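Undergrad: Going down the list, the sequences are from chains V and D. Note that my numbering numbers the first sequence so that position 194 is 194, with each residue one more than the last. Note that my numbering numbers the second sequence so that position 71 is 71, with each residue one more than the last.
It should be emphasised that the hints constitute simulated quantities derived from the structure, not laboratory data. These figures come from a predicted structure and were not determined experimentally. Just to be clear, a hint being listed does not mean it is correct.
Cross-link-like lysine to any residue pairs, in silico, SDA-like; alpha carbons within 20 Å at most [what the hints assert, rightly or not]:
(1) D:K163 to V:Q152
(2) D:K163 to V:N167
(3) V:K28 to V:R46
(4) D:K227 to D:Q179
(5) V:K28 to D:F259
(6) V:K195 to V:G226
(7) D:K162 to V:N156
(8) D:K74 to V:Q152
(9) D:K162 to D:F135
(10) D:K42 to D:T2
(11) V:K74 to D:W70
(12) V:K162 to D:S159
(13) V:K163 to D:S159
(14) D:K8 to D:S107
(15) D:K252 to D:E49
(16) V:K163 to D:Q152
(17) V:K162 to D:K162
(18) V:K162 to V:D199
(19) V:K174 to D:K227
(20) V:K74 to D:D127
(21) V:K130 to D:K227
Number of protein chains: 2
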Amino acid sequence: MTSYQKLKDAIEKKGSLLCVGLDSDASKIPDSFGYAPESILKFNKRIIELSSEYASAYKINFAFYEKYGWRGFKMIEETLNMIPEDIFTIADAKRGDIGNTGNQYASSVYDYFGFDSVTVAPYMGEDSVKPFLEFDSKFTFLLGLTSNVGSQDFQNLESNGKKLYENVFEISSKWGDAQNLGYVTGATKPEQLSKLREDYPDRVFLIPGVGSQGGSAEDVMKANGGKISLVNVSRSIIFAGSDEQIVEECKKYKVSLNFDSK
Amino acid sequence: MTSYQKLKDAIEKKGSLLCVGLDSDASKIPDSFGYAPESILKFNKRIIELSSEYASAYKINFAFYEKYGWRGFKMIEETLNMIPEDIFTIADAKRGDIGNTGNQYASSVYDYFGFDSVTVAPYMGEDSVKPFLEFDSKFTFLLGLTSNVGSQDFQNLESNGKKLYENVFEISSKWGDAQNLGYVTGATKPEQLSKLREDYPDRVFLIPGVGSQGGSAEDVMKANGGKISLVNVSRSIIFAGSDEQIVEECKKYKVSLNFDSK
């Protein structure tokens, strides 16, 4: 089964676009989980147990693991093993390099770890994205319009009447199809999101920025217009507090990110 | 001592801009080094023994290690331990993410691994680069103009009469100074390199693309005009063949990348 099919199945089964982000910052993990970095794995186990009923996908933010070197990399592997097989997985690694080097990065996330998808940075162009797309049963999310303040520094620069992020969508959309290439599109810019949704209705969008980053689930759902997307929520869920509070947040987001396939 | 000072000292001591790239592709390592991934570490040990007399810097390309998961990450650590202390080290990881996430990536390469510098992708803007610059005794190489064919897809897009890569140089150069922020500038475009050198004479350039990628050391040296740069050579040295051939290539590049501080 392709990653794309797995994603569609997961979203239909759960009836929600909810992606839970495992940005498991050791400094925010409660003391009851013990010391870092071991606490991260115990924490992830608990979060996955509490949230897997509600999540269509999990996104693992590599930075929080790489901070601990090889032990962190091992924890990524062990965390993946805890995730139920029917839930879509995203390596949020923002990799990107040319040809043979790109190939090794793709082999790392797909062959070694076995992720369903990965986030990739566009700056180096086609030959830095193609190595990921060559794993054609897998799925690549290219950075399109990001949710941060700094996105305006370069992504808004205009050429030929189009902003850089619009050029990234237009040019790169020819490199892959809706089944293997989607886009990271920030929740903090609902107007642009809405326009991109009109222009690229079939592409899967990975939408970060809801919750602690300031984007609202309601605005995103309106802008998304019922299309296949994943809306990532990290801190608001995983650091919500007690087990009950975590489940409560999952339920709340599952409903507000409702997906109806009919 | 700052990374910048260490770099200057290394270049003066060796009298050369030679950076040896440890793109240790297991599929190209001779059988005599045994099986992958263990062969990589043995191979690196031999390459470092043969080349450390000539190299001012080593660049570790993370992709070739990440392919082997946590064992690969451990090999990065072990390779770093083999590099003589007075040689500058570059984590060629092309990382980049916002705020707190960027911070964890920076902590990984600087606090955990102890690299002197890292390569960073610019697409997400200032708040994705700042976390690296906040380690102000370290050194960040931002992707400016890359050496690959795909660089033309976005890096050449014009806004306000400037190409994207020129905007990246101009805008980002305000985020850090010559002591903590330099640029990756490909050897395959000597004309643009020459112009960037005129506009940014004090910035350290990390120049990949010489050797197997097609750039010539002579063209690069002419374009560089005697400034502080590192010229990376990977495959042409590390896969040159016998020990004698590897040393021969090192000597050849050390001379053609000659640096005279007077």
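Undergrad: Against this structure, judge whether each hint is valid.
TA: Hint by hint, here is what the structure shows:
1. D:K163 to V:Q152: OK: K163 of chain D and Q152 of chain V at ~16 Å, within 20 Å.
2. D:K163 to V:N167: holds (14 Å)
3. V:K28 to V:R46: holds (15 Å)
4. D:K227 to D:Q179: holds (14 Å)
5. V:K28 to D:F259: Violated, at about 48 Å.
6. V:K195 to V:G226: The hint holds at about 14 Å.
7. D:K162 to V:N156: holds (14 Å)
8. D:K74 to V:Q152: violated (37 Å)
9. D:K162 to D:F135: Not satisfied, since the Cα-Cα distance of roughly 30 Å exceeds 20 Å.
10. D:K42 to D:T2: At roughly 30 Å apart (the allowed maximum being 20 Å), T2 of chain D and K42 of chain D break the hint.
11. V:K74 to D:W70: holds (5 Å)
12. V:K162 to D:S159: holds (10 Å)
13. V:K163 to D:S159: The given pair, whose Cα atoms are some 9 Å apart, holds under the 20 Å limit.
14. D:K8 to D:S107: violated (24 Å)
15. D:K252 to D:E49: holds (17 Å)
16. V:K163 to D:Q152: holds (16 Å)
17. V:K162 to D:K162: holds (15 Å)
18. V:K162 to V:D199: At roughly 13 Å apart (the allowed maximum being 20 Å), D199 of chain V and K162 of chain V satisfy the hint.
19. V:K174 to D:K227: Judged against 20 Å, a Cα distance of about 40 Å means the pair is violated.
20. V:K74 to D:D127: Given that 20 Å is the threshold and the Cα spacing comes to 28 Å, the pair is violated.
21. V:K130 to D:K227: violated (35 Å)
Hints 5, 8, 9, 10, 14, 19, 20 and 21 from the list above are not met by this structure, while the remaining hints are.
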